[in-house]
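Colleague: Here is what each chain is made of, one letter per residue.
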Amino acid sequence: GAVVSQHPSRVICKSGTSVKIECRSLDFQATTMFWYRQFPKQSLMLMATSNEGSKATYEQGVEKDKFLINHASLTLSTLTVTSAHPEDSSFYICSARDWGVGGYTFGSGTRLTVV
Amino acid sequence: QQQVKQSPQSLIVQKGGISIINCAYENTAFDYFPWYQQFPGKGPALLIAIRPDVSEKKEGRFTISFNKSAKQFSLHIMDSQPGDSATYFCAASGGGADGLTFGKGTHLIIQP
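Residue numbers (the working numbering), protein chains in the order written: chain F, 1150 to 1264; chain A, 306 to 417.
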């Protein structure tokens, strides 16, 4: 089945620094990938849609200058949290749609802690 | 505006029983309705999904029932096992929105 690999699984960074999270589709090409954020004991909230070769589409209320998304190839999308603050601490999860299967496959998530 | 409403928030079921989780949606353009299982610290894993042209879909112990006129769908877990203890999310997509809109989740506990 479709596999999405996300790295790193955990990261701790100092306030004010930037952190990059990678999301790879391992056995299929993903023209579109999605980034979600999940706070403890809450649901997943879509942050942005990442389109290969074009600009990402951000959901209302998500700062595009803070959460930089790059989708440079059909198998890789990256999310960079810039100038991170403690309130950015969360669980970030990427997803890709495998059109061959028709469903959305999720990565294993990245636990970001900003200290 | 919450487009997908999920209930209950938490559920305790005895081993061997049937777990039932319900969702209701508002956007009639939605055309894909998956259920995900999530364990702590992990990403969600697809359990089963349905499209509006089908009223029921069964895969192993998991069944989705779909009522298009009522804009509701539910997940039934038959013969629930302690290993099923997790958080379950319903979701929906379609109508020009590529990403998934999730319900708030149901924390399911199966008591041995």
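Rather than coming from a laboratory, the hints here were simulated on the basis of the structure.
Remember, predicted model here, so these are calculated numbers, not experimental data.
Be aware that a few hints might be false.
[Claimed, not checked] With a cut-off of at most 30 angstroms between alpha-carbon atoms, the simulated BS3-like pairs for lysine-lysine come out as follows:
#, chain 1, residue 1, chain 2, residue 2
1, A, LYS347, F, LYS1204
2, A, LYS320, F, LYS1190
3, F, LYS1169, A, LYS362
4, A, LYS310, A, LYS362
5, A, LYS373, F, LYS1215
6, A, LYS373, F, LYS1213
7, A, LYS310, F, LYS1213
8, A, LYS310, A, LYS376
9, F, LYS1204, A, LYS320
10, A, LYS409, A, LYS362
11, A, LYS363, A, LYS373
12, A, LYS376, F, LYS1190
13, F, LYS1169, A, LYS320
14, F, LYS1190, A, LYS409
15, A, LYS376, F, LYS1169
[Said to hold, decoys possible] Each pair of labels, with its calculated beta carbon distance range:
#, chain 1, residue 1, chain 2, residue 2, range
16, F, LYS1215, A, GLN319, 40 to 48 angstroms
17, A, THR333, F, GLU1208, 38 to 46 angstroms
18, A, ILE323, F, SER1164, 17 to 25 angstroms
Heads up, the beta-carbon is just placed ideally off N, CA and C, and yes, glycines get one too.
Colleague: All hints, please: hold or fail.
Modeller: To see whether the hints hold, each was checked on the structure:
no., hint, verdict
1, A:LYS347 x F:LYS1204, "28 angstroms, holds"
2, A:LYS320 x F:LYS1190, "24 angstroms, holds"
3, F:LYS1169 x A:LYS362, "39 angstroms, violated"
4, A:LYS310 x A:LYS362, "21 angstroms, holds"
5, A:LYS373 x F:LYS1215, "40 angstroms, violated"
6, A:LYS373 x F:LYS1213, "36 angstroms, violated"
7, A:LYS310 x F:LYS1213, "28 angstroms, holds"
8, A:LYS310 x A:LYS376, "11 angstroms, holds"
9, F:LYS1204 x A:LYS320, "49 angstroms, violated"
10, A:LYS409 x A:LYS362, "23 angstroms, holds"
11, A:LYS363 x A:LYS373, "17 angstroms, holds"
12, A:LYS376 x F:LYS1190, "26 angstroms, holds"
13, F:LYS1169 x A:LYS320, "43 angstroms, violated"
14, F:LYS1190 x A:LYS409, "9 angstroms, holds"
15, A:LYS376 x F:LYS1169, "39 angstroms, violated"
16, F:LYS1215 x A:GLN319: 40 to 48 angstroms, "46 angstroms, holds"
17, A:THR333 x F:GLU1208: 38 to 46 angstroms, "21 angstroms, violated"
18, A:ILE323 x F:SER1164: 17 to 25 angstroms, "48 angstroms, violated"
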